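Asks: Given the coordinates of chain A, work out where chain B with the ligands should sit on it, guided by the hints.
Note that the protein sequences, when read in sequence, are chains A and B. Take the first sequence: its position 12, counted from the start at 1, is 12 in the UniProt record's numbering, and no numbers get skipped. Take the second sequence: its position 354, counted from the start at 1, is 354 in the UniProt record's numbering, and no numbers get skipped.
Hints may contain errors.
[Stated by the list, open to error] No farther apart than 30 Å at their CA atoms in a straight line, the calculated lysine-lysine pairs in the BS3-like style are these:
#  : chain 1 : residue 1 : chain 2 : residue 2
1  : B       : K182      : A       : K295
2  : B       : K568      : A       : K295
3  : A       : K217      : B       : K568
4  : B       : K568      : A       : K284
5  : B       : K223      : B       : K248
6  : B       : K481      : B       : K410
7  : B       : K227      : A       : K217
8  : A       : K223      : B       : K195
9  : A       : K223      : B       : K223
10 : B       : K69       : B       : K182
11 : A       : K217      : B       : K195
12 : B       : K227      : B       : K195
13 : B       : K248      : B       : K69
14 : B       : K530      : B       : K557
15 : B       : K464      : B       : K167
[Said to hold, decoys possible] Just the calculated beta-carbon pair ranges, DEER-fashion:
#  : chain 1 : residue 1 : chain 2 : residue 2 : range
16 : B       : P398      : A       : H208      : 50 to 58 Å
17 : B       : R321      : A       : K217      : 49 to 57 Å
18 : A       : D351      : B       : D397      : 29 to 37 Å
19 : A       : H208      : B       : Y208      : 29 to 37 Å
Rather than coming from a laboratory, the hints here were simulated on the basis of the structure. Every value quoted in this text rests on a predicted model; they were computed, and no experiment measured them. From the three backbone atoms N, C-alpha and C, an ideal C-beta is built for every residue, glycine too.
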Amino acid sequence: MPDRPAPLGLYVHWPFCLSKCPYCDFNSHVRDRVDHAAWRNALLSELDHAAAQMQGDTGPRRLASIFFGGGTPSLMDPETVGAVIDRARALWPAEPDIEITLEANPTSAETGKFAGFAAAGVNRVSLGVQSLRPGALAFLGRQHDAGQALDAVRMAARTFPRHSFDLIYARPEQSLEDWRAELTEALDHVNGHLSIYQLTIEPGTAFHTDHRLGRFKTPDEEKAAAFFDVTQEILEAAGMPGYEVSNHAAPGQESRHNLIYWRYRDYVGIGPGAHGRVTIEGTKRAQRRFRLPEKWLDQVTQAGHGTEEDSPLGPQDRAAECLMMGLRLTEGVPLQRLEEEGGQSALPDPDRIERLVEEGYVSFADGTIACTTEGRLRLNSVIDFLLS
Amino acid sequence: MTDIARIRNFAIIAHIDHGKSTLADRLIQLCGGLTNREMKQQVLDSMDIERERGITIKAQTVRLKYTAKDGLEYTINLIDTPGHVDFSYEVSRSLAACEGSLLVVDASQGVEAQTLANVYLAIENNHEIIPVLNKIDLPAAEPERVKTQIEDVIGIDASDALEISAKTGMGMEAVLEAIVTKLPPPKTSEEPDPKVRALLVDSWYDAYLGVVALVRVRDGVIKKGQKLRMISTGAVHEVDRVGVLTPKGLVVDQLNPGEVGFITANIKAVADCKVGDTLTEDRRPTDEPLPGFQPSVPVVFCGLFPVDSSEFETLREALGRLALNDSSFHFEMETSAALGFGFRCGFLGLLHLEIIQERLSREFDLDLISTAPSVVYRIQLNNGNTIELHNPADYPDPTHIESIEEPWIKATIMVPDEFLGPVLTLCTERRGEQIELTYVGSRAMAVYRLPLNEVVFDFYDRLKSISRGYASFDYEIDSYKEGDLVKVSILINGDPVDALAMIVHRSQADFRGRAICGRLKDLIPRQLFKVALQAAIGGKVIARETIGALRKDVTAKCYGGDVSRKRKLLEKQKEGKKRMRQFGKVDIPQSAFLEALKMGDN
Ligand SMILES: Nc1nc2c(ncn2[C@@H]2O[C@H](COP(=O)(O)OP(=O)(O)O)[C@@H](O)[C@H]2O)c(=O)[nH]1
Ligand SMILES: C[S@@+](CC[C@H](N)C(=O)[O-])C[C@H]1O[C@@H](n2cnc3c(N)ncnc32)[C@H](O)[C@@H]1O
Ligand code: SF4
Ligand SMILES: [Mg+2]
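The following block holds chain A by itself, in its conformation from the complex (with noise of 0.2 Å):
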């Protein structure tokens, strides 16, 4: 790995969605119709204004991923998607194994465009499966009930080389027990890759409302650490150990995508409210694009780009977020990575990261400090202490 050059990433953002499931608090918006030449052109100049602004100083950068994030990329154009591929391609030269995933809803509208979707160039897809369990899949919102996903999912086994699947657990009312059984079913559908998310109350979600008065509750903290665990153990023992907390895959089958992210390379990020890391001229550089689809819209046809905010990080920041994503992944972060980034004076206090160890939170060996389980299970109070 250290002999390839530093890779690129690229996320497209697609607010778009069916519905709004009440969990929900990323940038998705639901709309009667949306004009998809007009989303088209508008990525497409934003890719441009990207890459110009990058222009010259690519250096050995090569374009590793592409992840068509939402929202619900599913909805997009399989035409609009190979567009913007093909575009990305011409811009920047590109890993001959490069990683493109596109997000998925799993219900039939959808998978109808797969084929479509490999056409254009996708070589991976996430599937929001969410559950298996017809009464969690109602609480959740989906559109969709557990057999039209697992359908999808083999849908997609034929028709793209890799594919991964999201679960949600720690909802109200779910026993260990049954997560248990409802994992081990899923196992059998998956290929190598699965992303397990803790059930999480975000403020401005309908939940958010619905938890506050009492309409439901969550697992408390012991609970959701035993759920934890069992995910864990289970996946493990299938092959597929956590490689970052709540991401598993098998060996090499890690999301190229979002290791980019956990290792804190640069990415470009494209759509509304895309976040990037960029370094120009030596300088990374935090970019923002407007959040609301509309407005983002209006400003790539005014101005070729919706960047809300691009502003230098300082040496502090970037060991800072370094660090954060970092040891997020069980390889955790050698102390090289947050030197190049911020210098010396932003490394942690070596009584700090000894205090960890004692803990045993946290390991460090061969100059790189890494999370244990039971430290990744605490990872906010982790970085808090080593960031202060």
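Replies: Then chain B with the ligands, alone, in the frame of chain A:
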């Protein structure tokens, strides 16, 4: 110049809410010191807090003119006193400036503890006492029963007690007539040109006039240009203004024998005016100061710390401003590992403490943490020295201690029969020694000797709650007595938390130690590392609790490339850390100490 024979100086003494302020207002209204527009409800309670809480904090005074049935005009000075035990010395000095008192008793309630305490002070000052039954308009009024009670409990004749309603105005004439006919005029020296003697009753800071002193002239006259000496300090000031309060300030030429009024004299600080001091003329000083002077001594101490450490200077300024007007309030800087920079403050009692705290938050908008109130211990060291301990954190090495003495009080509690049992149990729990237990009708009066340290620790709240608010309580400082007292330290991960240290009787140490550890356990959020809580006497641990490490806090979703959001969350957390204090690598939110200090309601 008013003939001294036509001056009457009086005070009103009453239990809280029996109608003292209402009566004073009525009298002012009748005797025309203010226009109707100026007549706000309860004129004399001028601070917001006083009006809201219905208590008088500072002595106030008002000069009234009344033309009596004998056709003559009288000058009547009403000196309104604080009436609360914390200020009993000030009350006693105000009473010393009068010849008589109206003893106001709510005819529907009867005699209460504060009535008693104040009436005894009045009797000590040789007052003529006029019993007044107020609220006679209430259907529940029982004048006959209350008269009997006054005679039985206080031992004064109540057969011709006045029956009035300060609210409706009924009986006001009779009150004024009684003041004129029953109270004696002030006494003064018979000599032709006596040496000046005046009692310093109170002082305050006025934004326009500077320090103003309220005085009662005993002998001689006070006028502008005179050089007055304060006997206790020897300080000399030239009088630049003399006046009376109507209750508006009204400048007059001079204050004559028997009169009550104010002076200004370029006095720098209120603290230079010692209540109870005698003023005399510098060029011809008296060698007989008026009796009863005592310097004011704080009885209860606590630490006050700003919740937000950046407010330290604001706090210092605010304390200075309050002290400007309150000579009995003391403060000095203190540092605490748990709470940062703050001040050790001394008060006359718990009410005084509460009032100062409330004014700090109200008038200065300060968010404060106060440590548990502590009394002043006298520690006899084995090297022969005695020290006074104001702060448990300063407790000396126990091997150097020969003995410790603590202040005791004499408490009077009046309570309806049905609650007597729990009240007696409470007194016993608090190491009380019964002196007297008597019944008046269906009310019991219990007199106890109690350690003040047990009283500052939530005694009053407990008393109120076990008697459903019916018990009344008053006390006076009694004496110092040796006690088996120990310092209980609270340790977090082995580090003592100075702000939580307390001095308690050995018999209570375990219980109090356990209580505070238990409370902290509930208050301190789980941390990355486990937290050990201990209560200890010296090296001996008497209670312990452990707060286990937190189990899980990781954010499940990673929001694609949105690292900024995570970083901002972290920064926000750091913001919150400002209110944390570190103990052996563990951050404890300051609010936990604050809550732990509120031991009152467990
Ligand atoms: N019914 C009735 N209420 C009264 C009378 N005098 C005072 N009050 C009420 O009793 C309460 C306490 O009176 P206040 O003068 O503040 O009592 P203080 O605490 O002794 O100064 C107030 O609500 C008054 O309105 C009275 O003669 N009759
Ligand atoms: C960008 S989202 C949605 C992708 C796609 N639109 C879908 O719903 O299938 C990616 C994943 O995040 C997870 N997710 C979203 N909100 C969540 C929440 N509040 N708590 C836990 N997981 C959540 C879901 O598993 C979801 O599939
Ligand atoms: S979870 Fe997926 S489908 Fe549901 S609202 Fe969010 S982005 Fe849209
Ligand atoms: Mg009052």
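Asks: Could you run down the list of hints and mark each one as holding or not?
Replies: For each hint, the structure was consulted:
no., hint, result
1, B:K182 x A:K295, "88 Å, violated"
2, B:K568 x A:K295, "24 Å, holds"
3, A:K217 x B:K568, "28 Å, holds"
4, B:K568 x A:K284, "17 Å, holds"
5, B:K223 x B:K248, "19 Å, holds"
6, B:K481 x B:K410, "13 Å, holds"
7, B:K227 x A:K217, "78 Å, violated"
8, A:K223 x B:K195, "86 Å, violated"
9, A:K223 x B:K223, "82 Å, violated"
10, B:K69 x B:K182, "14 Å, holds"
11, A:K217 x B:K195, "83 Å, violated"
12, B:K227 x B:K195, "13 Å, holds"
13, B:K248 x B:K69, "27 Å, holds"
14, B:K530 x B:K557, "27 Å, holds"
15, B:K464 x B:K167, "27 Å, holds"
16, B:P398 x A:H208: 50 to 58 Å, "55 Å, holds"
17, B:R321 x A:K217: 49 to 57 Å, "51 Å, holds"
18, A:D351 x B:D397: 29 to 37 Å, "32 Å, holds"
19, A:H208 x B:Y208: 29 to 37 Å, "56 Å, violated"
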